[in-house]
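Chemist: In order, the protein sequence lines correspond to chains A and B. With UniProt numbering, the residue at position 50 of the first sequence is 50, and numbering never jumps. With UniProt numbering, the residue at position 115 of the second sequence is 115, and numbering never jumps.
Just so you know, these hints were derived from the structure itself, not from any lab. Don't take every hint at face value.
Unchecked claim - List time: in silico DSBU-like cross-link candidates among lysine-lysine, alpha-carbon distance up to 30 angstroms: (1) B:K29 x A:K55; (2) A:K24 x B:K29; (3) A:K24 x B:K185; (4) B:K110 x B:K185.
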Amino acid sequence: METFNRTPFLNPDLSFLNYLFLIKAVLVFGSLVYFLFSLIVIRQVDLLSKTLKTKVSPFLLAGAVLNSMFALALLLFSLLEL
Amino acid sequence: MFEALSTCFSALISNPKGISFDGEDADEKILLLLRRHIITNVRWVLTSFAFAILPFALTYFLSLYPSTLPVFLPFPYIIALYFSWYLFVFIYTFEAYLNWYFNVYIVTDKRVVDVDFFSLLSRQVSDAPISNIQDVTYNVQGIFQTIFDYGTVTMQTAGEKEHLEFDLVPRPAFVQNELSDLATKASNGDI
């Protein structure tokens, strides 16, 4: 027998809102926010290194850039693989 | 590279090489570079360590009591959750280290400089000429500061800024002695 929802707005089909979808949504949103934050961290390290120039500064900047790349990887993984 | 890495955790460097700061004069020589004593980082180091082992402890606990897990998570989700947790641990540790590493006190042959970073994009740089230093005292309080030989060095200065403080720096007696000598030389016109 055909089941047809005649009142989709009054009786929406929420079966897609399972826990995995919610976890994926949280991961995607969280990784997007974290990625944007990681770009600010790169800028922060750059500013810090301009104020105090040391031999360690390039390594710290590399660490910040690497962190940003991992954040982007997490974002893409969350979007594409989950 | 090894020389650079050896200064990663140094809280007191005399006549540092390869270091300069914004606003430094061409003929200015850095005599001392100070940071808070490395022992002041114990709290965030231990916290980072606890955060790092937390997933393993949780996994071990769940393996002992599998019925406590309310839902089943596919492997890609577990990977993503682990990865995001360790990114968080990394950024917490990294920010704490940056806060320690870049909050420095610099003594040159011309002035003392206090570089403070308050937040992600907020910083304050204070300085006072050596000739303005009128009095230098140091304060060591408590058992940890006594055991690890660190404390606060306070300089009374003439000028707009009445005093500068070097908080929780190592070997405060040595720092106080160096600053007093510099102030005496400056008042005698030797520098």
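Chemist: Run through the hints listed earlier and report the numbers of any the structure violates, in increasing order.
Modeler: Of the numbered hints given earlier, those the structure breaks are 2, 3, listed in rising order.
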